[in-house]
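Novice: Sequence:
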Amino acid sequence: MDPAPPPAACFSAAEVQRRLAAGACWVRRGARLYDLTGFVRQHPGGEQLLWARAGQDVSADLDGPPHRHSANARRWLEQYYVGDLQGDPQPSRLDINQQLFPASISSFKM
Numbered sequence: 001m002d003p004a005p006p007p008a009a010c011f012s013a014a015e016v017q018r019r020l021a022a023g024a025c026w027v028r029r030g031a032r033l034y035d036l037t038g039f040v041r042q043h044p045g046g047e048q049l050l051w052a053r054a055g056q057d058v059s060a061d062l063d064g065p066p067h068r069h070s071a072n073a074r075r076w077l078e079q080y081y082v083g084d085l086q087g088d089p090q091p092s093r094l095d096i097n098q099q100l101f102p103a104s105i106s107s108f109k110m
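Just so we're aligned: the sequence shown equals residues 1 to 110 in the UniProt record's numbering.
I should point out that these hints are in silico values taken from the structure, not numbers from a laboratory.
The C-beta atom is built at its ideal place from N, Cα and C for all residues, glycine as well.
A few of these clues could be false.
Unchecked claim - Restraint-style ranges between C-beta atoms, simulated for each label pair:
hint : residue 1 : residue 2 : range
1    : Tyr81     : Ala22     : 27 to 33 Å
2    : Gln48     : Ser70     : 19 to 25 Å
3    : Gln79     : Ala22     : 20 to 26 Å
4    : Ser12     : Pro65     : 29 to 35 Å
5    : Gly30     : Ser70     : 26 to 32 Å
6    : Gln79     : Leu49     : 16 to 22 Å
7    : Ala21     : Gly87     : 15 to 21 Å
8    : Pro65     : Cys10     : 29 to 35 Å
9    : Gly46     : Asn72     : 16 to 22 Å
10   : Gly30     : Ala52     : 27 to 33 Å
11   : Gln79     : Gln48     : 19 to 25 Å
When you get a sec, could you build the whole thing from the sequences and use the hints?
Specialist: Written out as structure tokens, the structure reads:
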């Protein structure tokens, strides 16, 4: 019998914001958080696309349009999974990105 996987790390919105402010490129998909900092320069669509989405839910971007990401790209994303966002990632009548992650574009680096 295989051992159970370790529990996922949980990060508060404040912790995610601190990492973004320090220059990390974290994105989320639902409640799942991904640290894409080491992947930004390799992104086929260019660095700016990822930096512009730092701190945001990228679910719609992965599902398209205009570009639907492949199953391989989704598997690749899982390599960068770091844990889950604490709390409800989709509160009613509020955009979680605006509530938790104010304009992250200022961290864009070229």
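Novice: So, against the hints stated earlier in the document, which numbers end up violated here?
Specialist: 1, 5, 10
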